[in-house]
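Okay, here's what each chain looks like letter by letter:
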Amino acid sequence: MSKRITIDPITRIEGHLRIDVEVDNNSVSNAWASCTMWRGIEKILRGRDPRDAWLYTQRFCGVCTTVHAMASVRAVEDALKLEVPLNAQYIRNLILIAHALHDHIVHFYQLSALDWVDILQIPKADPDRTAKLAESLSPWTRNSRQEFKAAQDKVKAVAASGQLGIFMNGYWGHPAMRLSPDVNLLAFTHYLQALEYQRKALQVVGMLGSKTPHIQNLTVGGVANAIDLDSQGALGMDRLEAIRLLLAEVVQFIQQVYFVDVCAVAAMYPDWFKIGKGVTNYLAVPDLPLDSKGESYDLPGGYIMNGNVGGAHFFRTSADKEFRESVSEDVTHAYYEGKKPLHPWVGETEPQFTGWTADGKYSWVKSPRFNNEPMQVGPLAQILIGYAQGHPLTRKYAELALGKVSAVAGIHATPDMLHSTLGRHAARAIRAAMLAELADKHWQLLVNNIAKGDTAVFNPPVFNGEVEGVGTHEAPRGTLSHWVVVKDAKIKNYQAVVPSTWNASPRDQAGNHGPYEASLLHTPLARPEEPLEVIRTVHSFDPCMACACHAFDPSGKQIAKAKVL
Amino acid sequence: MKKVLIGGIGNVLLGDDGVGPYVVRLLAASYEFDEGVELCDLGTPALDLIDQISGKDAVILIDALKVDAEPGAVLLYRKPDIVQHSPAVRMDPHSPALVETLLSVDMFGIAPADVLLVGISSGTYDSGCSLSPSVRDSVDRVIAEVLSELDRVGVGYRRREQPVESGIWWTRVERPFPTLPI
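One line per chain: the protein sequences are A and B, in this order. The numbers in the first sequence follow this note's numbering, run straight up by one, and end at 567. The numbers in the second sequence follow this note's numbering, run straight up by one, and end at 183.
Careful, some of the hints might be misleading.
[To be verified] Derived DSSO-like pairs: lysine-lysine, alpha-carbon spacing no greater than 27 Å straight-line: (1) A/K213 / B/K4; (2) A/K276 / A/K83; (3) A/K83 / A/K126; (4) A/K443 / A/K454; (5) A/K295 / A/K158; (6) A/K489 / A/K83; (7) A/K158 / B/K80; (8) A/K489 / A/K323; (9) A/K202 / B/K67; (10) A/K134 / A/K151; (11) A/K295 / A/K279; (12) B/K67 / A/K323; (13) B/K67 / A/K45; (14) B/K3 / A/K202; (15) B/K67 / B/K80; (16) A/K83 / A/K341; (17) B/K67 / B/K3; (18) A/K295 / A/K323; (19) B/K80 / A/K156.
These aren't lab readings, by the way, just hints derived from the structure by calculation. Predicted, not measured: the structure shown is a model, and the values here were computed from it.
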């Protein structure tokens, strides 16, 4: 019946990001970002009930399930001009905040920290010195000598076994690694602790969303959480209090550990504030609505062109008219049929695979454009736009971060330096600190509203004729938008324009590079056969696809292949 | 009481990739299990899998495989089979991360004692919500493997008199009650 064999590799399918860079005199001279997998999941949605769309869309992605569910219900609500009760807005906001905090912690520690932290230096560290250093940076109570010693012992055991296990494929000892053994130990200890705190954030998502992955509590028009302060079966004070306690622990980790570590590590690599700039057009949408109509928000949105932060434009709502009208997708270099860029409501997803060609089609990712221009999305866009607007919370944490970097590095760090690889990491930490503060606020808003006697969570949707809508969410990786056309209560068209499509987009008809591509140009490589520097910059975007990185010399000969999976 | 996770991995929108979630939901609809057994449609987790398996005594994962075998073939892997493949340089948080997960829980000291991957060699990963015939026909054999692993680790289960609603919302269930085992 069954037989047992061993095969290589054991993989499932996923979208794969491939990066090709050309290297000239140890510097990147050209770059291509391409996705090697077609999914075309949007076509499944045609003809289905718009009230069910979110169940499907949260399967677009294995990790960001929540954000696709949220954008989907918002898209249908926008099409129907359906208001969402306050309780539902606050519950959704808390879920989005908790999900983002989880995601940002995992991104920094589990995904990208080891680009900067050299595990094999850790045995040389002195836990006493590390504890003193940590104490000078943060009041975190788990910065004790014992914690550092225990973490160091784990690394020593792994190193002594000769089996590096999880650390087998790092670029240890690479000349671009520059932290002292003590700082490496500090960051690695927090890498271990991070696992506990990201899990607490995810528990909040599960408690409000009833399960994770794939939350179950959404519905077009609100949420399905029954509210009854005195009932144990419904969302009552017991559960709200448990959520508050979990969030408090996560908030403390964000503010005393993650935020501090990013500033400290950044301060030790100041040259990386000059690398990885790329596309300086930025886009973000407002999020965390504060009323049932979606007219006021806690987080601002807008756009910046050509790095002109002072000349930023702002969106009043998350479905701002200019945003609705200005998005299109170009397929000049993507494996799809079609000549001219199309607005998502009339978007098509008809495959036309040609194979990878440097000057022709080379990616399954389309090129989303805003007024025909490539845009960088993500925490950096969010922070620069908030900064430009004078948004108090953005200013508070941006200035705190720049101050910490300046103090540790002995330099004068300015907002201008954020247009860089390290700027994207710093912006993500700033955004996380802002969200941490807002977690507390939205918990209080929810409790206060319930205390007033309001237990409404849902307005029923009513379908009539043909309508179109856009649902947005400023997700951990940036602007997410779902575009839906509904006709006679069935989905006529559905397109998702996701953050990693903006950032990983290939060139467009005008030949403009996408943000990943542009950010890699002129990156210096210490050892082209170990392109750690390329990985650092790609990671700084928090890419949403499995990724393989290839380095070529100008003659086309492959000099490195950092295969992933 | 043994803590056991039976987890289905896969994307239900990508054809045969949905076989893991399909089997788990069918199992939950057709059997009752001892306390401590958790059945979960895990979707396509990456490092989140660490959270799912930590603290368990035994973990049984069901997943589609891209292997050189007839579609519908059922293949079993234990932890040493899986971790002999070197983990890759991680570029993103979304890659399948079974190897990384198992190595990580080792390092964290929270590894389950028993890990079994029940793999199903799959035919099509094109977008679509249904299983191909050969993979659908393998479902009873997959269930038999899962139950025999429960026997091995000493956890009880009982076939329900009548199956309950399976919660398989993405496709039609042709045979709601497995024919195996006795």
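These are the hints, each one checked on the structure:
1. A/K213 / B/K4: 19 Å, holds
2. A/K276 / A/K83: It is violated: about 45 Å lies between the C-alpha atoms, which goes past 27 Å.
3. A/K83 / A/K126: 62 Å, violated
4. A/K443 / A/K454: 17 Å, holds
5. A/K295 / A/K158: With a Cα-Cα distance of about 56 Å, the restraint between A/K295 and A/K158 is violated, given a limit of 27 Å.
6. A/K489 / A/K83: Satisfied, since the Cα-Cα distance of roughly 15 Å is no more than 27 Å.
7. A/K158 / B/K80: Roughly 23 Å between the alpha carbons, so the hint for A/K158 and B/K80 holds.
8. A/K489 / A/K323: 22 Å, holds
9. A/K202 / B/K67: Judged against 27 Å, a Cα distance of about 34 Å means the pair is violated.
10. A/K134 / A/K151: 13 Å, holds
11. A/K295 / A/K279: 37 Å, violated
12. B/K67 / A/K323: Judged against 27 Å, a Cα distance of about 45 Å means the pair is violated.
13. B/K67 / A/K45: 24 Å, holds
14. B/K3 / A/K202: 24 Å, holds
15. B/K67 / B/K80: 18 Å, holds
16. A/K83 / A/K341: 33 Å, violated
17. B/K67 / B/K3: It is violated: about 32 Å lies between the C-alpha atoms, which goes past 27 Å.
18. A/K295 / A/K323: 15 Å, holds
19. B/K80 / A/K156: OK: B/K80 and A/K156 at ~21 Å, within 27 Å.
Hint violations for this structure: numbers 2, 3, 5, 9, 11, 12, 16 and 17, all remaining hints satisfied.
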